[in-house]
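Chemist: Fit chain H to the given chain S structure using the hints.
Same order as they appear, the protein sequences are chains S and H. In terms of my numbering, the first sequence is residues 1196 to 1460. In terms of my numbering, the second sequence is residues 698 to 966.
Because the hints were derived from the structure by calculation, they are not lab data. None of these values were measured; they are calculated from a predicted model. Where hints are given, some of them may not hold.
Partial list, derived from the structure: chain S residues whose beta carbon lies under 8 Å from chain H [to be verified]:
#: 1; residue: N1207
#: 2; residue: G1209
#: 3; residue: E1326
#: 4; residue: Q1327
#: 5; residue: S1329
#: 6; residue: A1330
#: 7; residue: M1333
#: 8; residue: M1334
#: 9; residue: V1336
#: 10; residue: E1396
Quick list of simulated restraints, FRET-style, between CB atoms [to be verified]:
#: 11; chain 1: S; residue 1: T1223; chain 2: H; residue 2: E718; range: 23 to 31 Å
#: 12; chain 1: H; residue 1: G845; chain 2: S; residue 2: Y1271; range: 32 to 40 Å
#: 13; chain 1: H; residue 1: E842; chain 2: S; residue 2: R1241; range: 19 to 27 Å
#: 14; chain 1: S; residue 1: A1427; chain 2: H; residue 2: G767; range: 41 to 49 Å
#: 15; chain 1: S; residue 1: L1253; chain 2: H; residue 2: L814; range: 26 to 34 Å
#: 16; chain 1: H; residue 1: G767; chain 2: S; residue 2: V1252; range: 47 to 55 Å
Think of the CB as a built atom: it goes at the ideal place given N, C-alpha and C, for glycine as much as any other residue.
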Amino acid sequence: MFNRTSIINVRNVGHHAIESLLRLGYATRFFALTLLNSGTSFLRVRLIIRELYFTGVLSMIIILISGLFVGMVLGYQGYQTLKTYGSESALGVLVALSLVRELGPVMSALLFASRAGSAMTAEIGLMKATEQLSAMEMMAVDPIARVVAPRFWAGVISMPLLAAMFSAMGVYGGYLVGVVVIGVDEGSFWSQMQSAVDFREDIVNGVIKSVVFGIAVTWIALFEGYDAPPTAEGVSGATTRTVVTSSLAILGLDFILTAFMFRGA
Amino acid sequence: MNEPDPTALVECRDLVFGYGERVVLDGVSFKVPRGKVTALMGASGGGKTTMLRLIGGQVRAQQGRMLFDGSDVGRMDADTLYAARRRMGMLFQFGALFTDLSVYDNVAFQMREHTDLPESMVHDLVMMKLHAVGLRGAHRLMPGELSGGMARRVALARVTALDPMLIMYDEPFTGLDPISLGVIRNLVRKLNDALGSTSIVVTHDVQEALDIVDYVYYLSEGVMVAHGTPAEMRASKDPQVHQFVWGEADGPVAYQYPSKNFSEELELV
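Bound-form chain S, shown alone (with noise of 0.2 Å):
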């Protein structure tokens, strides 16, 4: 009835399962370890700040960029739309708004996946491979209080600044396509998108998103890092698993916190 490969097919399926939950049960371990250990980064702030300037600060200009190009696309598709209802002057609330609420928190984060994520896999990855993480243990430092957890910090601080940062050049880009270039009324713009856009509603949870994204970018890219095979091409791969890993969990973290924070609205 059954079978040989289709046998081995289930076993393989079963093998892979209980593979990929012992590594969730190992990442969430280090997740909880990198947490316990945060004393020592919050004791000398000087090592979160180190790690800030690597992951935040260097991630600016590609974040900013990015961003400027953003909004510009959205300043004319959105007056491309909102024409045909007559309501341009609506511009700056929808520029605004998409940014805030989407596409701030979710384009920054990607970006940052790929930008400071891969980076910091692949540091790990290779602090690891050439034994510095274990002449660290040797030396009575724990690598993770000391290597993982202020980036862990460096990674959580700067990620709502950026996804900040992305939508304040989104607006200013909307601005530069809509009201500069195509001719919208500037009162209407700023005025209409002041009173639409909600602080509590709307940036507020724009900034938990980022938040969120943020933790758990930088939580896969350690975990990645930190668990590569001390190898060129354990390294390779684990970074390769960091962007995949962490574009897939901003997406779908992005439609479950949608889902509860705008479910009425």
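Modeler: Same frame as chain S, but now just chain H:
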């Protein structure tokens, strides 16, 4: 018998260790006397590096005991283990310097992590440690700018930063040019005697090691097969030791990886 030997800093008793099904160390016992340089020799893959990881508590034995200064490393909780590690130093095969820190910061790392010394004193200590390995002038360089031999000397300065009781060397002579090799070899001996510490050198560079060590343990396929002073090892009649010490291609350790009969492989039969 069960009391730890006070003259030994590290004492290994009937130790069994394996990764999964594969047994790496099978009932190994040895003693590392205080103040001496002891070599652990054996072919690659013979469990020597694993032994250092066991002493450092990075892995734990399935059976037997690994005593460091009288207490069992395998039974320590995290805090005790970290306290014990502060009294150990380990030189990794390729130095394992932190690539994001300068030479100076690498050597200062443990002082800053474990002590509250003022920065001026850290500076003096770092310079003394670097001077001992002849690299005081290189303190501003990054690890990427160092040659292999220099990197290992910096790593040695970092290992001795807090004057450890025990210094472990994992293949310290591998991949060095003859001059760097001579420098490292002499440093191993000099630092041990100057700091009054105890050293364990894991190596398969026989002649280099035999010149500087006080005692040798020979490990083969997870079993301690011979031990003695360098002179005894050189004169050993044990075929395994003889093959190893004199670097002969064939002997008890076969040249060929286990395989089926050659004529069968070529399908001649």
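Chemist: Determine for every hint whether it applies to the structure shown.
Modeler: Verification of the hints:
{"no.": "1", "hint": "N1207", "result": "violated (21 Å)"}
{"no.": "2", "hint": "G1209", "result": "violated (20 Å)"}
{"no.": "3", "hint": "E1326", "result": "holds (4 Å)"}
{"no.": "4", "hint": "Q1327", "result": "holds (5 Å)"}
{"no.": "5", "hint": "S1329", "result": "holds (7 Å)"}
{"no.": "6", "hint": "A1330", "result": "holds (4 Å)"}
{"no.": "7", "hint": "M1333", "result": "holds (4 Å)"}
{"no.": "8", "hint": "M1334", "result": "holds (5 Å)"}
{"no.": "9", "hint": "V1336", "result": "holds (5 Å)"}
{"no.": "10", "hint": "E1396", "result": "violated (43 Å)"}
{"no.": "11", "hint": "T1223(S) / E718(H): 23 to 31 Å", "result": "holds (28 Å)"}
{"no.": "12", "hint": "G845(H) / Y1271(S): 32 to 40 Å", "result": "violated (57 Å)"}
{"no.": "13", "hint": "E842(H) / R1241(S): 19 to 27 Å", "result": "holds (24 Å)"}
{"no.": "14", "hint": "A1427(S) / G767(H): 41 to 49 Å", "result": "holds (42 Å)"}
{"no.": "15", "hint": "L1253(S) / L814(H): 26 to 34 Å", "result": "holds (32 Å)"}
{"no.": "16", "hint": "G767(H) / V1252(S): 47 to 55 Å", "result": "holds (50 Å)"}
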